[in-house]
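**Q** Single-letter residue listing:
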Amino acid sequence: MNFTVRIWRQKGPNERGGLVTYEAHDVNPGMSFLEMLDGVNQRLLGNGEEPVAFEQDCREGICGSCSLVIDGIPHGPDRGITTCQLYMRRFPDGATITIEPWRAKAFPIIKDLVVDRSALDRVMQAGGYISVNTGGAVDGNVLLIGKDQAETAMDAASCIGCGACVAACKNASATLFVAAKVSHLAVLPQGKPERTRRVSAMLEAMDREGFGSCGNQYECEAVCPKSISVRFIANLNREYLRAGIVESGIPSEPESPHAETT
Amino acid sequence: MTKLHPKIPSGPLESKWDRHRFSEKLVSPNNKRKLTVIVVGTGLAGASAASTLGQLGYQVECFCFQDSPRRAHSIAAQGGINAAKNYQDDGDSVGRLFYDTIKGGDFRSREANVYRLAQVSTQIIDQCVALGIPFAREYGGQLANRSFGGVQVSRTFYCRGQTGQQLLLGAYSALCWQIEQGQVTMHPRTEMLDLIVADGQARGIVVRDLVTGRLSVHTAHVVVLATGGYSNVYYLSTNASGCNVTATYRAWKQGAVFANPCFTQIHPTAIPPGDASQAKLTLMSESLRNDGRLWVPVTAADRRSPGDIPDAERDYFLERRYPRFGNLAPRDIASRAVKAVCDEGRGVGPSGYGVYLDFTGVIEQQGFDVVRERYGNLFEMYHRITGEDAYHSPMRIYPAPHYTMGGLWVDYNLMSSIPGLFVIGEANFADHGANRLGASSLMQGLADGYFILPYTIGHYVATATLPPVAEDHAESRAALHRVTSRITRLLSAKGRRTAASFHREVGRLLWNHCGMSRHEAGLKTALTSIPTLREEFWKDVMVPGSGDAFNQELEYAGRVADYLEFAELLCHDALHRQESCGAHFREEYQTDDGEPKRDDARFAHVAAWEYRNGAAPILHKEPLTFEFVQPTMRSYQ
Numbered sequence: 048m049n050f051t052v053r054i055w056r057q058k059g060p061n062e063r064g065g066l067v068t069y070e071a072h073d074v075n076p077g078m079s080f081l082e083m084l085d086g087v088n089q090r091l092l093g094n095g096e097e098p099v100a101f102e103q104d105c106r107e108g109i110c111g112s113c114s115l116v117i118d119g120i121p122h123g124p125d126r127g128i129t130t131c132q133l134y135m136r137r138f139p140d141g142a143t144i145t146i147e148p149w150r151a152k153a154f155p156i157i158k159d160l161v162v163d164r165s166a167l168d169r170v171m172q173a174g175g176y177i178s179v180n181t182g183g184a185v186d187g188n189v190l191l192i193g194k195d196q197a198e199t200a201m202d203a204a205s206c207i208g209c210g211a212c213v214a215a216c217k218n219a220s221a222t223l224f225v226a227a228k229v230s231h232l233a234v235l236p237q238g239k240p241e242r243t244r245r246v247s248a249m250l251e252a253m254d255r256e257g258f259g260s261c262g263n264q265y266e267c268e269a270v271c272p273k274s275i276s277v278r279f280i281a282n283l284n285r286e287y288l289r290a291g292i293v294e295s296g297i298p299s300e301p302e303s304p305h306a307e308t309t
Numbered sequence: 009m010t011k012l013h014p015k016i017p018s019g020p021l022e023s024k025w026d027r028h029r030f031s032e033k034l035v036s037p038n039n040k041r042k043l044t045v046i047v048v049g050t051g052l053a054g055a056s057a058a059s060t061l062g063q064l065g066y067q068v069e070c071f072c073f074q075d076s077p078r079r080a081h082s083i084a085a086q087g088g089i090n091a092a093k094n095y096q097d098d099g100d101s102v103g104r105l106f107y108d109t110i111k112g113g114d115f116r117s118r119e120a121n122v123y124r125l126a127q128v129s130t131q132i133i134d135q136c137v138a139l140g141i142p143f144a145r146e147y148g149g150q151l152a153n154r155s156f157g158g159v160q161v162s163r164t165f166y167c168r169g170q171t172g173q174q175l176l177l178g179a180y181s182a183l184c185w186q187i188e189q190g191q192v193t194m195h196p197r198t199e200m201l202d203l204i205v206a207d208g209q210a211r212g213i214v215v216r217d218l219v220t221g222r223l224s225v226h227t228a229h230v231v232v233l234a235t236g237g238y239s240n241v242y243y244l245s246t247n248a249s250g251c252n253v254t255a256t257y258r259a260w261k262q263g264a265v266f267a268n269p270c271f272t273q274i275h276p277t278a279i280p281p282g283d284a285s286q287a288k289l290t291l292m293s294e295s296l297r298n299d300g301r302l303w304v305p306v307t308a309a310d311r312r313s314p315g316d317i318p319d320a321e322r323d324y325f326l327e328r329r330y331p332r333f334g335n336l337a338p339r340d341i342a343s344r345a346v347k348a349v350c351d352e353g354r355g356v357g358p359s360g361y362g363v364y365l366d367f368t369g370v371i372e373q374q375g376f377d378v379v380r381e382r383y384g385n386l387f388e389m390y391h392r393i394t395g396e397d398a399y400h401s402p403m404r405i406y407p408a409p410h411y412t413m414g415g416l417w418v419d420y421n422l423m424s425s426i427p428g429l430f431v432i433g434e435a436n437f438a439d440h441g442a443n444r445l446g447a448s449s450l451m452q453g454l455a456d457g458y459f460i461l462p463y464t465i466g467h468y469v470a471t472a473t474l475p476p477v478a479e480d481h482a483e484s485r486a487a488l489h490r491v492t493s494r495i496t497r498l499l500s501a502k503g504r505r506t507a508a509s510f511h512r513e514v515g516r517l518l519w520n521h522c523g524m525s526r527h528e529a530g531l532k533t534a535l536t537s538i539p540t541l542r543e544e545f546w547k548d549v550m551v552p553g554s555g556d557a558f559n560q561e562l563e564y565a566g567r568v569a570d571y572l573e574f575a576e577l578l579c580h581d582a583l584h585r586q587e588s589c590g591a592h593f594r595e596e597y598q599t600d601d602g603e604p605k606r607d608d609a610r611f612a613h614v615a616a617w618e619y620r621n622g623a624a625p626i627l628h629k630e631p632l633t634f635e636f637v638q639p640t641m642r643s644y645q
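In order, the protein sequences belong to chains U and H.
By the count of the working numbering, the first sequence reaches residue 309 at its end, each step adding exactly one.
By the count of the working numbering, the second sequence reaches residue 645 at its end, each step adding exactly one.
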């Protein structure tokens, strides 16, 4: 098979980028999309040109490194897979394929198709954890967790943090990402003590990092390589609403109208 | 010359670790604040260690080459994690997990280390549950278990086919907490390129910022390497493409001895290799062997489609050769059995390198839905890659390099032969002997990081004299110079061949001569070919761009340069070990029916290699003594 690929090239964060056309020849239908790109790069190297920078690591759909917008869709035309799990037999021979990076304010481009997704890590650092020291944990069977509950937590926890949801959203929102983490931990008894603080802190961090807000268009679910459902966003909203009520708790001392202000 | 002291505590096996912990010196909380620990790598071992050390009060500087600590390769582990919980009441115990692991490793690991691993295994599960890891549960709410190869009890905990992912995200979340608390400073997209040894102690590292290309020196009181294994030396493996030997190899060149490099695990069930463009081999979880049956046609070159071959003309070769364990024979044994039938010309698929893994039986007995629930994601993955539907025709599988039992030598405290350099997880050699059992790598990574290193590191800093080391210390400058000159050399070769082409070539050489089976002549051939290839690399490699920018080709070429040296060490070790044990199969040493012949009289030792500049490495032997178990011929028949 032969393909024409139009690839976004950009030397650095502050440089102007643009689409450059290359030919991919002798592609075997059993090759993965990334192996096709490897081939393009080997030829570029052979001509003394700089290869296209793109991210990849495990090549089995779990590490969340690969991050290509293929013909306008993050991770390409098939549902429920990452870019590295896309195979060339999926494309008609002779097709022209356009490849771009994730585009979002919170994901600045580093080079070509590589973007900086550290904003997602900072959202996690704001509260995507259970504060428990190592050691002294009770036996794993002390708190029984129903199979359905465990399965729901697992559905949410399967997020690979690739950022496709952000790339697909016209608001560049990370709501599905936050919803998955908040729901995973809120469903389990171990995550309950911190659920109130967690949801607020993670949503605040999301805003701070420059992600937009949810527009209820469900593009995120459509491109999610782990098919994480938007019902977790509904759950996130419930958690957030709940936090608003719970947080108020016992009202604080009313401020005296006679207090001196400084 | 380096002297190796394993520092194994004396006394009864069951109480060694408890007594050792009690005799260890502690560091007071306000002194911990003044101590800096470098942790390189954020897989299960690195992330769990960094977060735990942060909780204890140390200042932790943590490094990974990925864009986020959550992407370390532990994420890809599928099957599960072992623990001696005995929730199934099927006869499991700490003693049995210990025995299974030491037998599975073909009696080439230390009793004391393995016993400790089995002891802390139960704590790991509790810790992971506390961190919110959504383990599979029974309807009644209790933790579920499955079986794995090489054992007769059901002790493996799992999260669908994504156990590694969930355990890593748990450790990563604990790490996030410590980053938020200011105890851990995270340096993603930063690669360690050399180790700084000052006055005989490991005191820092040289790193390259992969975005800007800037080199910098980081000094600390202790350095911890959690940088994983080196299966990618074979080019094609189940590892992520970023996995590399560079951190441990550079430490080796600074004096840390490297133990048992030839113990490399070839996993039996990966999707068979296709054409030359292929960049990786995809693993199909070992858990599939719980229900799948391996077979090939009885006669060679039988080209009928699998459904047309009647049962009587099929050879269920694992069930035939190992009736007691059948399809759940350990990995090394299963891999060799697969290779044997393919070498007889009975392999299936276009290349003849493949055997069937058949689920017809279990689908007939228990139905599609049960199989789909258990293995749905794996069947899907298989379908995507091969375009074939394994519900209706059997999968084809072939062995692939997967894990490395060898690694930097460490003592009972997980400290290498360089004081102050600790090595944890797959990067060390300690617990799996000559072969690792399934679901034991996650167990070991977390045991080292959560429960062992945090104790032993305290004793070291409490007892060692650690004078300040400035960032411009002579040794730091020397290390920085080594790194700079290598990068310059790589960039200035300006040759015609890509780093990938050299990687593929050294990988093929190793796979042919130091892969699933090895013999003296082949190893000697490899040992003469590797230096030639290396010379050609430095003359003819082509690395475009510059060193002070984001340059993936430069990163890769540096790693390939290290494979080209490390491959030689691997072959030296395989040549020295004139016996067959575990994953190391020397053709000269086998029984008449093709079973490996171990030689306890001559080789019941750890082979630990010391680097010598410009000469063959020096071999140190750490004798393995067995006080509590009797090494037996490892039989799964």
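These are computed hints drawn from the structure, not numbers from a lab.
Bear in mind the structure is a predicted one, so any value in this text is a computation, not a measurement.
Check before you lean on any hint, since a few could be wrong.
[As the list claims (entries may be wrong)] Which stretches of chain H does chain U cover? Using the computed rule of at least three CB atoms under 8 Å from a CB of chain U, they are:
#1 58-67
#2 145-153
#3 184-197
#4 277-291
#5 320-330
[To be verified] Just a sample of chain U residues kept apart from chain H, beta carbon distances all over 12 Å, derived:
#6 C110
#7 S112
#8 G259
#9 R278
Built from N, CA and C at the ideal position, the CB exists for glycine as well.
**Q** Taking the closest pair, is the beta carbon of R278 of chain U still more than 12 Å from chain H?
**A** With a cut-off of 12 Å, R278 of chain U remains clear of chain H, as the shortest Cβ separation is near 17 Å.
**Q** Holds or violated: the segment 320-330 of chain H covered by chain U, criterion of 3 or more residues with Cβ-Cβ distance under 8 Å?
**A** n = 0 at 8 Å, threshold three: violated.
**Q** Tell me whether the statement that chain U covers the segment 58-67 of chain H is true, taking a Cβ distance below 8 Å and needing three residues at minimum.
**A** holds (count 3)
**Q** A cut-off of 12 Å on Cβ-Cβ distance, and G259 of chain U was said to be off the interface with chain H. Does that hold?
**A** Its Cβ never comes within 12 Å of chain H, the nearest being 21 Å, so this holds.
**Q** Can you tell me if the segment 277-291 of chain H counts as covered by chain U, using C-beta to C-beta distances under 8 Å and a minimum of three residues?
**A** holds (count 8)
**Q** Do three or more residues of the segment 145-153 of chain H come closer than 8 Å to chain U, measuring C-beta to C-beta?
**A** Satisfied; 7 residues make the cut.
**Q** Decide, holds or violated, for the assertion that all CB atoms of chain H are farther than 12 Å from the CB of C110 of chain U.
**A** Violated: least Cβ distance 5 Å, not greater than 12 Å.
**Q** Is the listed coverage of the segment 184-197 of chain H by chain U valid when you require three or more residues with a beta carbon under 8 Å from a beta carbon of that chain?
**A** Satisfied; 6 residues make the cut.
**Q** Taking the closest pair, is the beta carbon of S112 of chain U still more than 12 Å from chain H?
**A** Check fails; 6 Å does not lie beyond 12 Å.
The earlier numbered hints that this structure contradicts are 5, 6 and 7.
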